[in-house]
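**Student:** Full structure from sequences and hints, please.
Protein sequence lines, in the order shown, are assigned to chains A and B. To convert, take the position in the first sequence, counting from 1, and add 3; that gives the working numbering. To convert, take the position in the second sequence, counting from 1, and add 22; that gives the working numbering.
Just so you know, the hints here were simulated from the structure itself, not pulled from any lab data. Just so it is clear, the structure is predicted and the values come from calculations on it, not from any experiment. Mixed in with the good hints there might be a few duds.
Stated by the list, open to error - DMTMM-like cross-link-like pairs, simulated, lysine to aspartate or glutamate; straight-line CA separation at most 25 angstroms:
(1) B/K147 with A/D155
(2) A/K200 with B/D152
(3) B/K52 with B/D152
(4) B/K132 with A/E193
(5) B/K157 with A/D179
(6) B/K102 with A/D179
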Amino acid sequence: MASSLKRSSILTTFASKRTQLWQYLNTTIDSFLRDVGLRSTKEMTPGATVPACNLYELKNEGYVLGGVNYKKYCFQSWMVLTGANAYVQSLGLINVSQGFMLITDQTSTISADDTAGVGGFTNGPIANSGTLVEDSNTSVATTATLAYVNQDNGITGVDDNYMYLIVANTALGSIDAEAYVKIEFVVEQEAKVELIKL
Amino acid sequence: MEEKIKLQAVDYESTMTAPTRVQTLEADVKIEAKYAGETAWSTISDTSMARGAVRSATGEWEKVPAGKEMIERRVTITPKNIAWYKSRTAVKNLAVPLKGGEFMGKPGEKFVMEPIKKRTLAERKIQRDDATSRKLAFIQSAGKAAE
Numbered sequence: 004m005a006s007s008l009k010r011s012s013i014l015t016t017f018a019s020k021r022t023q024l025w026q027y028l029n030t031t032i033d034s035f036l037r038d039v040g041l042r043s044t045k046e047m048t049p050g051a052t053v054p055a056c057n058l059y060e061l062k063n064e065g066y067v068l069g070g071v072n073y074k075k076y077c078f079q080s081w082m083v084l085t086g087a088n089a090y091v092q093s094l095g096l097i098n099v100s101q102g103f104m105l106i107t108d109q110t111s112t113i114s115a116d117d118t119a120g121v122g123g124f125t126n127g128p129i130a131n132s133g134t135l136v137e138d139s140n141t142s143v144a145t146t147a148t149l150a151y152v153n154q155d156n157g158i159t160g161v162d163d164n165y166m167y168l169i170v171a172n173t174a175l176g177s178i179d180a181e182a183y184v185k186i187e188f189v190v191e192q193e194a195k196v197e198l199i200k201l
Numbered sequence: 023m024e025e026k027i028k029l030q031a032v033d034y035e036s037t038m039t040a041p042t043r044v045q046t047l048e049a050d051v052k053i054e055a056k057y058a059g060e061t062a063w064s065t066i067s068d069t070s071m072a073r074g075a076v077r078s079a080t081g082e083w084e085k086v087p088a089g090k091e092m093i094e095r096r097v098t099i100t101p102k103n104i105a106w107y108k109s110r111t112a113v114k115n116l117a118v119p120l121k122g123g124e125f126m127g128k129p130g131e132k133f134v135m136e137p138i139k140k141r142t143l144a145e146r147k148i149q150r151d152d153a154t155s156r157k158l159a160f161i162q163s164a165g166k167a168a169e
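**Tutor:** Pasting the structure below:
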């Protein structure tokens, strides 16, 4: 009887330890997969009037400058621009509760139909007159006159950063493009940061 | 004991569910006192204050000078960095005058700023759309001028 109780206790302990080990391994593997970019739950979803976008903190990428601790965030958005020769595309609003939102990196890209030109699609940075867009009348890639990410914190308060993508060539009838906006920015460590999808 | 003067703008900040303190507000704050037997206001301090909960220049309310009795206090707040908030003048008539050596205000006394319009989601959309139209009109007019 004593022996069977002891065995039962050992089995219970074993089962419990096995569960703990399993949970530990799962968490570790999950962290590893996220760290190397093989697993993500950073879903990009649209707002009522803004294209698909998301915002997340880049852990362990903060720094100290002039005695102030900064933390870093990534904002990204994806959209199709079509039917006009000038776009002021709203990307949503990033509210920063304290201090300023300082953009430190901008790696947005834009893709344009060039099937009647060189063939295929262009893929390049969003860089004002260096940006290729599609002349939608000809399906040939041409350059925009303006193309940049606009951050405006002068609309409803300095803590409200309205984000826009501006692309234009008003000399043409219509330009088309697909844009992927990706920016990184820093805020003071204590600031609350929220993406408001208007 | 800390005698912080708190200048607060309570409005819709990042959480859209309830008004919270807007921490980024900066304002010029002028504090004046009227003493018994005097008709003119005496300026106590006229300083710039930053970020929501702020201190006066000394971190405290000033004290009523010895030999004076303060019968009225006037605080004028002029927002500097957010045009979204109205200027405010808060006048306090003292039923019981403050004597020399007493603080001119209570610890943590708050001055809540009123926005021109509340920053609800709907209002932000309206403002955003107005700004979008202005930007588009500017780009189009600039583009036409360049053609």
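**Student:** Are any of the numbered hints broken by this structure? If so, which, sorted upward?
**Tutor:** 3, 6
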